[in-house]
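Residue numbers (numbering that gives the first Met the number 0), protein chains in the order written: chain R, 0 to 651; chain P, 0 to 210.
Calculated directly from the structure, the hints in this document are not laboratory data. Possibly wrong hints are sitting among the right ones.
[Stated by the list, open to error] 27 Å max Cα-Cα, derived DSSO-like pairs, lysine-lysine:
id, chain 1, residue 1, chain 2, residue 2
1, R, Lys295, R, Lys235
2, P, Lys86, R, Lys525
3, P, Lys26, R, Lys22
[What the hints assert, rightly or not] Derived, one-sided and incomplete: chain R residues facing chain P with beta-carbon distance under 7 Å:
id, residue
4, His59
5, Arg118
6, Leu133
7, Val134
8, Gly437
9, Tyr440
10, Glu442
11, Ala621
12, Ile641
13, Met644
14, Ala648
Beta carbons are placed, not taken as given, at the ideal position from N, Cα and C, and that holds for glycine.
The residues making up each chain are set out below.
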Amino acid sequence: MEHRIGVFVCHCGTNIAGTVDVKRVAEALAKHPGVAYSTDYTYMCSDPGQNLVKDAIKKHRLTGVIVAACSPTLHEATFRRAGTSAGMNPYQVEMANVREHCSWVHQGDKEQATRKAIRIVRTMVEKAKLDEALVPIEVPLTRRALVVGGGVAGIQAALDIANAGYEVVLVERSPSIGGHMAQLSETFPTLDCSQCILTPKMVEAAQHRRIRLMTYSEVEDVAGYVGNFRVKIRKKAAYVNRDVCTGCGLCVTKCPAKTPSEFDEGLAPRKAIYTPFPQAVPNKPVLDAEHCTYFKNGKCGVCKKVCPVSAVDYEQKDEIVEEKVGAIVVATGFDLYPMAKMGEYGGGKIKDVVTSLQFERMLSASGPTTGEVKRPSDGKVPKEVVFLTCVGSRDPEGHVPYCSKVCCMYLTKHAMLYKHKVHDGQAYLFYMDVRTGGKGYEEFYQRASEEDDVLYVRGKVSKIFEEDGKVVVWGVDTLTGKKVEIAADLAVMGLAMVPSAAAQELANKLKIHADEWGFLSEAHPKLRPVESLAPGFYLAGAAQGPKDIPEAVAQASGAASKVAALFAEEVYHREPAIACIDEDLCAGCRICVSVCPYNAAEFDEEKKVARIQEAICEGCGACIAACPSGSAQQRNLTDDQIYNMVSAALED
Amino acid sequence: MFEPRIVCFFCRWCTYAGADLAGTSRKQYPPNGVVVRVNCSGRVDPQHVLWAFREGADGVLIGGCHPNDCHYQDGNYKTMRRVALLKPLLEQMGIEPERLRLEWISAAEGEKLVGVMNGFVDAVRALGPLEYGPIAERVGGPRPTGLAAKAAAGTTGKKPASKKSAKRAVKTPAKKTAKRAAKKPAKKTARKITKKAPKRTGRSAAKKRAR
């Protein structure tokens, strides 16, 4: 084929022309084989500049266009649009970066800069010669979303997607949705009752006509790709037919077996057949076989006997349900850093050293102490309480290096609520820094320290131990440089937030990226904070990093809007410059299958060749570099193109 | 002064953007390198590097995202391993492994890019032009057994630039094509070579004649 490449050298005012002799570049390229037209202009991106390109495409019947100007990140889209309007395939319009990579970095040496500019443009001309006309890949869409995790982020995402008009499957592994927010007493900085603002949302999600709620279920496996996921969900055996159950609660009352309640963080017992909390959604019990007398020794069966609708079914088995969805929102939330790892603070063995979530349950009106602050060891009202921030957080040597972001605020809230309940009590709060970034947060902190007399001590606590029924806290006040020793009644740990253990398992199953601590990675830390790098996966809430409720909700709504935007199209369009495999050359060694980070390369057992699933391939090129037969190639960046570009870059 | 020619394979997400940042910050560095933009440093095939040396590059710089920052999850780790394997191979071919460098430069590290460019150009300049004779000469002559042997033979160190250009000038187009066919990885099938070789031969022949 005859190449007819057009080269358009931009002056960019004096940005390029000041350092590079643009006329010489245009002239040199005019002589380059395959170049049909070469010119220069003051501002190529201006309307007259773009018209120059469009006219030349038509007049000289160009097969490719090189705009020698700024970085492709800036104006590639501009010129591709211009090319398209002149009837050219956009993927045959390329930028040669002679500004950021040449004129701006070689100022003062016009001769060398000009020669380099010529080499850069020539390199791109060689690429353009072999550029093919490509069309974006169209992928069919299942306009239905899966939301994994039924905490506040998951609920919000599900509601937003459902309200946008698309069906949602909301999967939650515990018996009720609500997540950690349902456990909280009141929320900072407004001190709204957490359940009062959350339960209406829970009910709305459960009753929404477009939301299919699957509690006590876990994602087992995900196959497919954006727009076309096939998800296997394990519905764990609840041993209660939840369709029949009326939620009367008689079985729960009569059940003789007790075990510590997860919802109450072990501060109170629950039955073996239970609903986690009174406002649970769905408000129907599940049977925990591990602690059930009937399952342990075959005797009992009280729940079955008392159930008025015969909903209890000991023969129930786990069930695998397959759902087809087009997008997946991962909102798997967080856990607290295990207290057992905090040996210096008793390692979880001291009864009156409690975690922040335990303290939340103590403060909660629906909690085990009905909102009264009582220490777990003897039920006495504690008169001196020590609150510790950064327990595990910001400790790169021993624990995790990151800031858990919400502990300063919730411990301030804890101390404030404690003071509201125990007026003659003293609250101490040890801190490294008090971080109050957020609307109304600083004012809240000021209120705690000034109006509620919470004593803030700047320093770390080195040791906590039991002595004479007291919890002795050894710390240091770094502002005075003095050692502080407090014989307290109760100590509350602001433990680091870590991604939930299930989240890490799930991230592996979904093949989405997580950071070294297990928090899911966003596609771009600033500009794509709610998407995962793997297409079709979106992130919401603390699964992506420590965050407070407003942030989690905002991110969930963001993720939902991304899903809605994806679903708004009839089909999904993808970048076509991806890998492809020449079946005639493929030896079927499957190296590409093993190197592909997205599982886009698959092996065709019939033809014994590898194949790239166009809908998944991201175009990284790892398979191409690894392919020993040269059958894998990247569209518009083939090995031949690279060889030619290298040669052109080295010619004088 | 000898001005080395350098080919830079930069990943689009980190190092290419880092080079853009160096530009927008008007940081100055020597103009010896020309960038070939790839989506990921993992796209760089060792054969691309060999081809660059074959085509007269004195140095090859590969720039990728920092470990754990790869836009494609782990392409940079693949590159790291490939480069580690390629370096001893280069040495066996009589090419100083220092002529190939892999650097992690993020989109925020315009400053680092400038430092790397300066350092690499200086390093390659100190090595002198890459002596890369036709394969036939090598096969016929004493087998080089790496740098040590080369040093013993007194062939390392700075060489005048003129020697190289002289050498380049005497290359005949026919020889170049033959060499390309021989050197070009065997995996490139006959189909591809016939597709490409005539086109390139014509062009380089014309150019060589012009010279």
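Hint check, failures only: Going through the list in order, the structure violates hints 2, 4, 6, 7, 8, 9 and 10 and respects the others.
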